[in-house]
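Visitor: Here are the chains, one letter per residue:
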Amino acid sequence: MKLLLFTFFLSISSLLIKAQTHLKIKVLPILNNEPIVLNDATKDDVIITNLKFYLSSFSLTQNNGEVYIEENSYHLIDLSKPETVNIAFPLIENKTLENLTFLLGIDSVTNVSGVMGGDLDPTKGMYWAWNSGYINFKIEGTKNSIPFEFHLGGYAAPYQTAQKIEVDLKESEEMVLYLDLSDFLNKIDINTNNKVMSPGKTSQELSILLATLFYAK
Amino acid sequence: MRNKKNEILTLLFFFLLIGTALNIPSSSYFIIKYPDYFPKPLYDFNKNPLTPEGVELGRHLFYDPILSKDSSISCSNCHLSYTAFTHVDHKLSHGINDSIGTRNSPSLINLAWSELFMWDGAVNHLDVQALAPISHPAEMGESIENVVVKLQSTKRYPMLFQQVFNDSIITGEKLLKVISQFELTLVSQNSKYDSVMRKETVFNNQEQRGYKVFQNNCNSCHTEPLFTSYQFKNNGLAIDSILNDVGRYRITNNPNDSLKFKIPTLRNIEFSYPYMHDGRFKSISEVLKHYEKGILYSSTLANELKTPIGLTHEEKVDLTAFLLTLTDRDFLFNSNFSYPKTNNIEITEGYK
Numbered sequence: 001m002k003l004l005l006f007t008f009f010l011s012i013s014s015l016l017i018k019a020q021t022h023l024k025i026k027v028l029p030i031l032n033n034e035p036i037v038l039n040d041a042t043k044d045d046v047i048i049t050n051l052k053f054y055l056s057s058f059s060l061t062q063n064n065g066e067v068y069i070e071e072n073s074y075h076l077i078d079l080s081k082p083e084t085v086n087i088a089f090p091l092i093e094n095k096t097l098e099n100l101t102f103l104l105g106i107d108s109v110t111n112v113s114g115v116m117g118g119d120l121d122p123t124k125g126m127y128w129a130w131n132s133g134y135i136n137f138k139i140e141g142t143k144n145s146i147p148f149e150f151h152l153g154g155y156a157a158p159y160q161t162a163q164k165i166e167v168d169l170k171e172s173e174e175m176v177l178y179l180d181l182s183d184f185l186n187k188i189d190i191n192t193n194n195k196v197m198s199p200g201k202t203s204q205e206l207s208i209l210l211a212t213l214f215y216a217k
Numbered sequence: 218m219r220n221k222k223n224e225i226l227t228l229l230f231f232f233l234l235i236g237t238a239l240n241i242p243s244s245s246y247f248i249i250k251y252p253d254y255f256p257k258p259l260y261d262f263n264k265n266p267l268t269p270e271g272v273e274l275g276r277h278l279f280y281d282p283i284l285s286k287d288s289s290i291s292c293s294n295c296h297l298s299y300t301a302f303t304h305v306d307h308k309l310s311h312g313i314n315d316s317i318g319t320r321n322s323p324s325l326i327n328l329a330w331s332e333l334f335m336w337d338g339a340v341n342h343l344d345v346q347a348l349a350p351i352s353h354p355a356e357m358g359e360s361i362e363n364v365v366v367k368l369q370s371t372k373r374y375p376m377l378f379q380q381v382f383n384d385s386i387i388t389g390e391k392l393l394k395v396i397s398q399f400e401l402t403l404v405s406q407n408s409k410y411d412s413v414m415r416k417e418t419v420f421n422n423q424e425q426r427g428y429k430v431f432q433n434n435c436n437s438c439h440t441e442p443l444f445t446s447y448q449f450k451n452n453g454l455a456i457d458s459i460l461n462d463v464g465r466y467r468i469t470n471n472p473n474d475s476l477k478f479k480i481p482t483l484r485n486i487e488f489s490y491p492y493m494h495d496g497r498f499k500s501i502s503e504v505l506k507h508y509e510k511g512i513l514y515s516s517t518l519a520n521e522l523k524t525p526i527g528l529t530h531e532e533k534v535d536l537t538a539f540l541l542t543l544t545d546r547d548f549l550f551n552s553n554f555s556y557p558k559t560n561n562i563e564i565t566e567g568y569k
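One line per chain: the protein sequences are A and B, in this order. Read in the numbering used here, the first sequence has 97 at position 97, and its numbers run on one by one without any break. Numbers given in the numbering used here equal positions in the second sequence, counted from 1, plus 217.
Among the hints, erroneous ones may be present.
Claimed, not checked - In silico negatives: residues of chain B with every beta carbon more than 12 Å from chain A: (1) ASN436; (2) ILE480; (3) ASP495.
To be verified - With a straight-line Cα cutoff of 35 Å, these simulated DSBU-like cross-link-like pairs (lysine-lysine) come out: (4) LYS143(A) to LYS286(B); (5) LYS81(A) to LYS367(B); (6) LYS81(A) to LYS286(B); (7) LYS264(B) to LYS201(A); (8) LYS308(B) to LYS195(A); (9) LYS81(A) to LYS372(B); (10) LYS558(B) to LYS124(A); (11) LYS264(B) to LYS26(A); (12) LYS81(A) to LYS264(B); (13) LYS26(A) to LYS201(A); (14) LYS81(A) to LYS187(A).
No lab work stands behind these hints, which were simulated from the structure alone. Where is the CB? At the ideal position from N, CA and C, for every residue including glycine.
All chains should be modelled from the sequences, with the hints used to inform the complete structure.
Guide: In structure tokens form, the structure reads like this:
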């Protein structure tokens, strides 16, 4: 009898757990078709020493039309911290994902709302102290031995940099969100353009370019 | 008369006993006290509710050189309570290793009403302001990451953060919020001007005449009752060829903002010399001479100053007499604003 009850509860609880599965997203920055490894000098002419960026304001549309909007949706992807590349969202079972939207960077309202915690805490090294605002995207390294440093951000008109990104796909539980930086590093002439450390036109142009480099599989 | 302890005027705060629906361990909140002729503060207190413990902790941090790289400089080195929280006798601020900054430290008064901070508005919220001096190589030369590590490794601070947040883990967010809490209490609202506004006293004849001169010539920018409109204007100062400071232009990249600086409050102006973003004037009379004869014409010069301000000798004397009515001794000598006397958080009678 006891055993019966136990199995009964077990099956009920597993049903409850099943009812809400998760969509797991793995963010995977790649270069020349290979996942980027920090400080890897063995491969190309490019060595990346630091890669950090914010993905925020996630919203998921499922094929039944239901939209899930994540609250406090701020994710700092930091390649030096492997756990940060995985993001999970609740998903109703048997419904697949139609569409996913998010921002590369932090929205303007958050930028003027004072100090925040968690991934937005200023100790994360993604905040400009002398021209308030979040650094949306940070990449540092060398190309052909020439050092480069791109700190992209800015929320004020006319140089807003946060980019809305939309990916369509039929996927249910796991997906990989690629960021192919090959084009980014190829299109920039590192000899003449290797340092951006403040908001402005260049910051904006490079952010627009980055937004085109995300795709999902 | 000035020292009369008046209930309405008692500086700053009173306790509100609220059943703690919010997740704040303190049993009580601080409410900033300001007169009814002040506008509403811009600061969103809901996001950082002031508590007596939080304000005290912020005060400890404001006076603690641990925030600088070599533990030599605290915020109070450049912002002294007895001079309305500015750095007297220094045109440009002095930081660690005797490095000299590029600007004069402004007074810290009525910050809850300000939208943008710094002479050029580089900082968009009070909570993130402290990041600037902490990280500036010529000011405190530190990083917020390291300050948090240093504070966490002390005996004292984890305990104090525990008292405020019910959690002894220190974060950048908590650190900055309690510094703001202290700064938000720096409200000046008890000068003679305020007593006159409250109809508790009257200006003498000279002050009254000076008040008229002020309203005609200065109030459009140094707007009552806060004595600033918090806008950015070019008030006709010649650019310093060495510092080459273009003001707001650096932030907005908009040429129309060239040479514009944040209009400073004139409250406690008697004590906050030297004046202007680079501290070029030592006295009020030098400032008045500038407005009378020194205005330099340029494309971004404020409209208000395009026609010369002509002031007779008497008018200047009267105007100065009025400006001195903005001195608030309850602010300058408030014991709740000065160096904390103990290592612990003690909620003094003065707060009640």
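Visitor: Each hint should be assessed against the structure and marked as holding or not.
Guide: Against the structure, the hints come out as follows:
| no. | hint | in the structure |
| --- | --- | --- |
| 1 | ASN436 | holds, 28 Å |
| 2 | ILE480 | holds, 19 Å |
| 3 | ASP495 | holds, 18 Å |
| 4 | LYS143(A) to LYS286(B) | holds, 33 Å |
| 5 | LYS81(A) to LYS367(B) | holds, 23 Å |
| 6 | LYS81(A) to LYS286(B) | holds, 27 Å |
| 7 | LYS264(B) to LYS201(A) | holds, 33 Å |
| 8 | LYS308(B) to LYS195(A) | holds, 33 Å |
| 9 | LYS81(A) to LYS372(B) | holds, 30 Å |
| 10 | LYS558(B) to LYS124(A) | holds, 34 Å |
| 11 | LYS264(B) to LYS26(A) | holds, 33 Å |
| 12 | LYS81(A) to LYS264(B) | holds, 30 Å |
| 13 | LYS26(A) to LYS201(A) | holds, 31 Å |
| 14 | LYS81(A) to LYS187(A) | holds, 28 Å |
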